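Whole structure, please, built from the sequences with the hints as guidance.
Line order of the protein sequences matches chains A and B. Quick note: the first sequence, position 236, residue 1696 per the numbering used here, numbers continuous. Quick note: the second sequence, position 146, residue 1138 per the numbering used here, numbers continuous.
Worth flagging that the hints you see were computed from the coordinates, not collected in a lab. Honestly, I wouldn't trust all of these hints.
[Claimed, not checked] With a straight-line Cα cutoff of 35 Å, these simulated DSBU-like cross-link-like pairs (lysine-lysine) come out:
| id | chain 1 | residue 1 | chain 2 | residue 2 |
| --- | --- | --- | --- | --- |
| 1 | A | Lys1671 | A | Lys1594 |
| 2 | B | Lys1073 | A | Lys1859 |
| 3 | A | Lys1729 | B | Lys1001 |
| 4 | B | Lys1149 | A | Lys1849 |
| 5 | A | Lys1586 | B | Lys1073 |
| 6 | B | Lys995 | B | Lys1149 |
| 7 | B | Lys1001 | B | Lys1149 |
| 8 | A | Lys1849 | B | Lys1073 |
| 9 | B | Lys1146 | B | Lys1001 |
| 10 | A | Lys1661 | A | Lys1675 |
| 11 | B | Lys1001 | A | Lys1849 |
| 12 | A | Lys1683 | A | Lys1594 |
| 13 | A | Lys1849 | A | Lys1671 |
| 14 | A | Lys1729 | B | Lys1030 |
| 15 | A | Lys1594 | A | Lys1661 |
| 16 | A | Lys1593 | A | Lys1729 |
| 17 | A | Lys1668 | A | Lys1849 |
| 18 | B | Lys1033 | B | Lys1114 |
| 19 | B | Lys1146 | A | Lys1503 |
| 20 | A | Lys1675 | A | Lys1586 |
| 21 | B | Lys1001 | A | Lys1503 |
| 22 | B | Lys1073 | A | Lys1862 |
| 23 | A | Lys1683 | B | Lys1030 |
| 24 | B | Lys1033 | A | Lys1586 |
| 25 | A | Lys1503 | B | Lys1114 |
| 26 | B | Lys1146 | A | Lys1849 |
| 27 | A | Lys1683 | B | Lys1033 |
Quick caveat, the model's predicted, so the values are computed rather than measured.
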Amino acid sequence: MSSTTIGILGIVVVIVFFIIRMPIAFSMAFVGFLGFSFVSSFKTGLSVLPREIFEQLTSYSISAIPMFILMGFYAFSAGLGTRLYEAAYKILGPIRGGLAIASIFACAAFGAICGSSTATAATMGKLAIPAMKKYGYDDTLSTGCIASAGTLGILIPPSVIFLIYGFMTEQSIGKLFISGIVPGIILAFFMSAAVYLMCLKNPSYGPKGPKSSLKEMVWALVKVVDVLLLFIVVIGGLLYGFFTPTQAGGAGAAGALIIGLVRRELSWKIFIDNTIEALRTSCMILTIIACASVFGKFMTMARIPSALSSWVGGLEIPHFLTMFIIIAIYLVGGAFIDAIPLIILTIPILYPIVVSMGYDPIWFGVIIVLVTCMGVITPPVGVNVYVIKGIATDVPLEKIFKGIFPFLLAIIITTILMIFVPSLTLILPNLVM
Amino acid sequence: MEKFERFTKGLSRGFEWLGVIGMLAMFVANLVDVIGAKVFKWPLPGAIEILSFALVVAIAPAIAYGLFLGTHLRIDFIVDKFPRILRVALRPFVSLMCTILFILISWKGFEYAYSLQISGEKGGSSHIPFSPFAYILALSCIPVILFFILETLKSLKAKR
Chain A
1461 MSSTTIGILG IVVVIVFFII RMPIAFSMAF VGFLGFSFVS SFKTGLSVLP REIFEQLTSY
1521 SISAIPMFIL MGFYAFSAGL GTRLYEAAYK ILGPIRGGLA IASIFACAAF GAICGSSTAT
1581 AATMGKLAIP AMKKYGYDDT LSTGCIASAG TLGILIPPSV IFLIYGFMTE QSIGKLFISG
1641 IVPGIILAFF MSAAVYLMCL KNPSYGPKGP KSSLKEMVWA LVKVVDVLLL FIVVIGGLLY
1701 GFFTPTQAGG AGAAGALIIG LVRRELSWKI FIDNTIEALR TSCMILTIIA CASVFGKFMT
1761 MARIPSALSS WVGGLEIPHF LTMFIIIAIY LVGGAFIDAI PLIILTIPIL YPIVVSMGYD
1821 PIWFGVIIVL VTCMGVITPP VGVNVYVIKG IATDVPLEKI FKGIFPFLLA IIITTILMIF
1881 VPSLTLILPN LVM
Chain B
993 MEKFERFTKG LSRGFEWLGV IGMLAMFVAN LVDVIGAKVF KWPLPGAIEI LSFALVVAIA
1053 PAIAYGLFLG THLRIDFIVD KFPRILRVAL RPFVSLMCTI LFILISWKGF EYAYSLQISG
1113 EKGGSSHIPF SPFAYILALS CIPVILFFIL ETLKSLKAKR
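Below is the structure:
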């Protein structure tokens, strides 16, 4: 049996392990070890197992991930989400569907200090869903809107997905972060347009909210200046090389902590609880990365990425069609596997193909994140939908899934736009760096 | 069985607290380095290595308690559609596979840590030895192994 055949068998076995409910991380480590032992020797496989995991868990570059996760949790506990929502609510509330539109922009703003889609959806869901209920918003609109707008958390920097992608492909984290801003803003506008059109068609979906005076609006904006400052320090510092990604995450976490202390939102208990929660999330992600490296080593040993690359290179189909096939793989895969393991599993295999076809790695990173955005809201995995279900317990799951469709359409349109107009993605990285 | 579960859970919780210390150590070391480098032009010596070592102290001990909380990602919805008999048969198999995996990581991890201890490998700038952190990784597998043994026993009991 050739090593490539063993590699393909390895991919099949790892999928079988996923299906039979073995934890994703451990499936990859186990199959990686077995495959490595098969291709080289059992002794080598045994020695690779702890060595690879240890090397990954002592890698400075991935230490940025827990730091940014910590920043998101401290930002949440410092009440930044509440103030962002209040500001958006004061300004956009009075228009038709305004509360839902305000929630979308509040999600976008919270995404600027938090790198996780689930954390963004959970934070805004707790604030926006009761408010929308109070003003008679339809449950389908309110829950679908927050579940979908939560995805802005991984598109607008900082983003855990960009960090993982950058770590795996050795691309500049700063460039990746900044490349998500324009698509993130466009997506927020498309999502808002979806809300507006829904409310135009069916006014009872999103009645107008109460009007605020100019003074109230200005005051609400003043109260979120600290969020803007935090974003500028962290992302600006990273872009201009003042911070490494790990330092930027640490500085952001410290900044959020200081804001929480100054505003008296933080207590010792909240601080410890949020540190523990950040640790648990980081542990889940980093365990997958460490275990996937064993599987990745096996894939490289079995020459899967190079074999696949040369196979695709030999196909007489246009490059854009290959790209659409790759995107389709992520779309279908994203419906069944959580975004993070899917990216960790596929990037080492598919990334060389994308690069060999001459596509820009930064642009591809944005496309991956956009496709991931679809994965986190589509059934059956749709993690954001389950997060919202946990908040709006009285709303049936089917209703939330129904509610995401207009927003899914907004993500699809944004993705198509980014595919056909790559300059929209690359304009900021080219301008700033 | 209950006693064993309580012990494993308690041990895992204890290891998670070690992880919290590692996480806070990372945060503090990072902060000291940033303030030192940017304000006083005196970065923390060996900061990169300190952070890297603190990362393993944070993550590895937290794996076991994450299993109790169910934070480690798995795909549930496909197995849920399987016939009951198949689901019941698969549970101990999956737990057993995971037990074997972590026994191997722990066993070879201790060997690897020992080899690092013998060779006296140290960080280039911090001069901190590598071996204690490799030992932490190997040790952290113990509550994970216990968790999966517990899972295997529970699923076999459920089978009966």
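Hint check:
| no. | hint | in the structure |
| --- | --- | --- |
| 1 | Lys1671(A) - Lys1594(A) | holds (15 Å) |
| 2 | Lys1073(B) - Lys1859(A) | holds (22 Å) |
| 3 | Lys1729(A) - Lys1001(B) | holds (22 Å) |
| 4 | Lys1149(B) - Lys1849(A) | holds (33 Å) |
| 5 | Lys1586(A) - Lys1073(B) | holds (32 Å) |
| 6 | Lys995(B) - Lys1149(B) | holds (16 Å) |
| 7 | Lys1001(B) - Lys1149(B) | holds (19 Å) |
| 8 | Lys1849(A) - Lys1073(B) | holds (21 Å) |
| 9 | Lys1146(B) - Lys1001(B) | holds (14 Å) |
| 10 | Lys1661(A) - Lys1675(A) | holds (33 Å) |
| 11 | Lys1001(B) - Lys1849(A) | holds (29 Å) |
| 12 | Lys1683(A) - Lys1594(A) | holds (24 Å) |
| 13 | Lys1849(A) - Lys1671(A) | holds (30 Å) |
| 14 | Lys1729(A) - Lys1030(B) | holds (31 Å) |
| 15 | Lys1594(A) - Lys1661(A) | holds (21 Å) |
| 16 | Lys1593(A) - Lys1729(A) | holds (31 Å) |
| 17 | Lys1668(A) - Lys1849(A) | holds (25 Å) |
| 18 | Lys1033(B) - Lys1114(B) | holds (26 Å) |
| 19 | Lys1146(B) - Lys1503(A) | holds (32 Å) |
| 20 | Lys1675(A) - Lys1586(A) | holds (26 Å) |
| 21 | Lys1001(B) - Lys1503(A) | holds (33 Å) |
| 22 | Lys1073(B) - Lys1862(A) | holds (22 Å) |
| 23 | Lys1683(A) - Lys1030(B) | holds (28 Å) |
| 24 | Lys1033(B) - Lys1586(A) | violated (43 Å) |
| 25 | Lys1503(A) - Lys1114(B) | holds (26 Å) |
| 26 | Lys1146(B) - Lys1849(A) | holds (30 Å) |
| 27 | Lys1683(A) - Lys1033(B) | holds (33 Å) |
This entry does not satisfy hint 24, going by the numbered hints stated previously; all others are met.
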